[in-house]
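Asker: Model the placement of chain B on the given structure of chain A, informed by the hints.
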Amino acid sequence: RRRNDFEESEEGLELRLESLIIRIGEKSTSSIETNIEGLAKVLTADLDNSKTKIINIICECVAKYPEKTCIYSTLIGLLNAKNYNFGGEIVELLVRHFKDYLKALDFESARLLVRFFGDLVNCRVISSASLMNLFENLVEVSMEDNIPQSRSDYFVFCVLSALPWVGKELYEKKEQDLEQLLNTIDNYLNKRNKTHHHTALRVWYSDTPHPQEEYLDCFWAQISKLRSDKWVERHIYRPYLAFDSVLCEALQHNLPQVQPPPHEANYVYPYPKVVFRLFDYTDCPEGPVLPGAHSIERYLIEEHLHWIINQNNTDRKDCAMKLLTFPNKHKIPLEYMIIEVMFSQMFDLPKSKYLDVFYGSTLLELCKLQPSSLPQVLAQAVELLFERLDTMNCMCVDRFAVWFAYHLSNFQFRWSWDDWSTALTLDPLHPKPKFIRETLLRCLRLSFHEQVVKIIPDSFHELAPEDPIPHNKYSLEGDKPPESVPTAEVAAALVNKIKEKCTPEEALEVLKELTAPLMETDDEPNHNSLQIEVFVTVLLNLASKSFTHCFSAIAKYHSAFMALKTSEEAQISILSTIFEVWRKHQQLLVILISKLLKSEVIECSSVANWLFSKENSSEFMKSYIWEILNQTIQKSIRSVESLEKELEESKEKLRKGKSFKSHWFRWTIGRLQQVFFEHHNHVFKYLSTFETLLFTADLDQHILLIFKQFCALRN
Amino acid sequence: GSREEQEDLLSESTTLYVGNLSFYTREEQIYELFGKCGQIVRVIMGLDRRSKTPCGFCFVEYLSREDGLNAMRYVNGTRLDDRIVRTDWDTGFIEGRQ
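Residue numbers (my numbering), protein chains in the order written: chain A, 1 to 715; chain B, 1001 to 1098.
A hint or two may mislead.
[As the list claims (entries may be wrong)] Derived pair list, reagent style DSS-like, types lysine-lysine, alpha-carbon separation capped at 30 angstroms:
(1) A/Lys454 with B/Lys1052
(2) A/Lys273 with B/Lys1036
(3) A/Lys230 with A/Lys353
[Claimed, not checked] What follows is a set of in silico ranges between Cβ atoms, one per label pair, in the way DEER data are often shown:
(4) B/Asp1088 with A/Arg23: 27 to 35 angstroms
(5) A/Pro428 with B/Gln1006: 35 to 43 angstroms
(6) B/Gln1006 with A/Asp467: 40 to 48 angstroms
(7) B/Gln1006 with A/Lys598: 41 to 49 angstroms
(8) B/Asp1048 with A/Glu450: 22 to 30 angstroms
(9) B/Asp1088 with A/Met321: 18 to 26 angstroms
(10) B/Tyr1024 with A/Ala492: 29 to 37 angstroms
(11) A/Lys499 with B/Tyr1024: 26 to 34 angstroms
Bear in mind the hints are in silico, worked out from the structure with no lab data behind them.
Note that the structure is a prediction, hence the values are computed from the model and not measured.
The beta-carbon is built from N, C-alpha and C at its ideal position, and this holds for glycine as well.
Bound-form chain B, shown alone:
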């Protein structure tokens, strides 16, 4: 879509892109850390196309925008598995993006 459409989607999104994860970080840990900020609808682990193993990112979808905002406020830049987690708004997960 156009840039404006993209920005509109981002400003209403309840989904975060989470980067800089360790390859060993499991869904459980994402649920625990990001669950501190609100109700998680689902977590989608980013998988390597060939090996189907985690490759350092995931998507976290929250029930509400406010929950996602809290994650941007309080989790972005803190550590999980001793790596500094980076979060950003995402336009929402579409099947196949893993």
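In isolation and in its complexed conformation, chain A is listed as follows:
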């Protein structure tokens, strides 16, 4: 006997079975069919002892490894053909899993099970009549009253997405029923409301060169094309076809009646999507043809690539390797499809699923593993993205710049910038020059100023960032005589004191000489802006050597900050002075403000008011301002409300101006949308407050629309 003691123990045996079931379909010297047949034999032999365990593992694998749907359905088909009761128990347990997933709002797993039920019809485990019955029950949700559209969308999508697997079988066995089902779906899709979310979720506002289709519309077009092709597709590998003679003898089970659980107010269904399209077949003239936008293969391959990314998101090397060893890769322009799927996730709205740096580092691995072809496709994608910046959503412009700078930093910042010199002739707020400027700012953060200046052609210098050095208005080196700055003497005294390592109290003592300037109204001023200016300017300049110096100076003089911070105006005065000193160092401003928020020198609402103040209007269009805002919102999600008001007032002023659809308007509206999207889960909690207090019917329609589009995500 070959089995050793460990494997003979029950636990050892079950572990071995588990590993066999999980690993079936992985790389192997023998064919998939042989492996499935072998596994079915092993499982049948051990059925008596480990039945429950085996069934549970299979059920879990079905939802976890969707790329192996047909392998598991074949396996169950073979087991069922040998042991009808066992097949029945598996079906029963799968149905229970399905109900549990729906109850737990795990909609993706539930969808994968619906597809699996379809494939079990192909394997003669489930009767086609009972599957049709399940499909009808699911689609019936679309007739329910007073439910969000996302609910009926989901159940319709569930059924549609099983059709590439089981459509042909149903067409042959249940043509009438299938026709009727598709008619019901068609009626539903025609009356759907999609203007709002479709507009909000598009990466590009334009439909040229590629329409950015609403996901269900697009999927319906793909399914309709499949239908007209008599349900024949060329992507799914179906091992059960080899076992036709065994399977056709098997007895089938009926799925029990399953009703989707009724809607409840706290249920959040998957958000609608817009299909990201970057390439068509003309972009990849050599090699295999890219499946068209409405071919089911495009959908199936993309979905498969998404699975690979989802399963390997914690390991960029495995992820890149598994993407590149995609099955049947010689029949498709794989590099193009990988890049398109990677960017579709990176630009996904409202938020991308994983960290930016996951996509960035995985793209680096892809380039490393396929150096002869992938970098070229990636460069081509960058060109297309740049060409199409004119109509790109502004959150996506940001993500594009952040990623591109990161990517360049791993390739010695080499890029043929001259190709983009047309951008130099455009309005500085036009997305193209703005993208280049933001990219170079991000390059600066990852390197240093001289280097950024060196990597670009001379003609691009107007887009280069400034050297991030501090400004000291009390410095004697300037050309203005010291007496023109009345506070210069106090500043000089403070410099000496701090150099002598004085205490916060001693520092405040030096500042006492400066009396608060009177306010325009004759009210008693509630803060001393002169003291704040001198103190903050001197301290930050003395500690300008590094971030660490700066942070320890703030920590050491924390109590002085707290003493000077007597009101919101005082906080704004602190922020303005910091800005005056470090205006050229955006990254430091972002981090510094976050530190001051944490140490309670500054409150969130002051940051918001300062960001939207008139003095800041020159910075309003720059990304880092919104970086600060979004980090502040994270700190206190409630401050959102007051920000919206500020923004609304800015719009009010804008509306009195002439052509309002300027670049300024587009960026600002985009930023409002960004606030919603970045914090969507939190904003939804305050929806009714927003509706009654802020986004009311009398609000400007352009602003109200952004809010309505956002609400449509859960409608």
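Answerer: Frame of chain A; chain B shown alone:
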């Protein structure tokens, strides 16, 4: 401490040791690259004992373990200042280790 204590500390640490940096790499760059993985509490540059200048390593302390894990996943083995950055868990910075 003993080896097990050391391993326990490592498995809960939120601090990374970052090696193979260029001597010219500044804190700013560390914040930018490692900030992509999560919220940084502090960065401590490794300094030469005598010259007090950077000498090719630093510590990055994150707010949470998950942030540090992300850095191990996505930053370890990629480039900063054209050098391949190496990251490893550290038991946490103790004053004087610079």
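Asker: Hint by hint, say whether it matches the structure.
Answerer: Structure-based check of each hint:
Our distance criterion of 30 angstroms between C-alpha atoms is met by lysine 454 of chain A and lysine 1052 of chain B, whose separation comes to about 29 angstroms. Restraint check: the Cα-Cα separation between lysine 273 of chain A and lysine 1036 of chain B comes to about 26 angstroms, which is no more than 30 angstroms; the hinted pair holds. Annotation: proposed proximity of lysine 230 of chain A to lysine 353 of chain A is violated, straight-line Cα distance about 36 angstroms (limit 30 angstroms). Hint check: aspartate 1088 of chain B to arginine 23 of chain A, Cβ distance near 31 angstroms, so the stated range 27 to 35 angstroms holds.
One distance hint, 35 to 43 angstroms for the beta-carbon pair proline 428 of chain A and glutamine 1006 of chain B, is violated here, with the actual separation near 55 angstroms. Separated by about 44 angstroms at the C-beta atoms, glutamine 1006 of chain B and aspartate 467 of chain A satisfy the suggested range of 40 to 48 angstroms. Restraint check, glutamine 1006 of chain B to lysine 598 of chain A: a C-beta distance of roughly 31 angstroms breaks the suggested window 41 to 49 angstroms. In this structure the supplied range 22 to 30 angstroms holds for aspartate 1048 of chain B paired with glutamate 450 of chain A, their Cβ-Cβ distance being about 23 angstroms.
Evaluation of the 18 to 26 angstroms hint for aspartate 1088 of chain B and methionine 321 of chain A yields a pass: the beta carbon distance comes to about 23 angstroms. Checking the proposed 29 to 37 angstroms range against tyrosine 1024 of chain B and alanine 492 of chain A shows it holds: the Cβ atoms sit about 33 angstroms from each other. In this structure, lysine 499 of chain A and tyrosine 1024 of chain B meet the distance hint of 26 to 34 angstroms, their C-beta atoms being roughly 28 angstroms apart.
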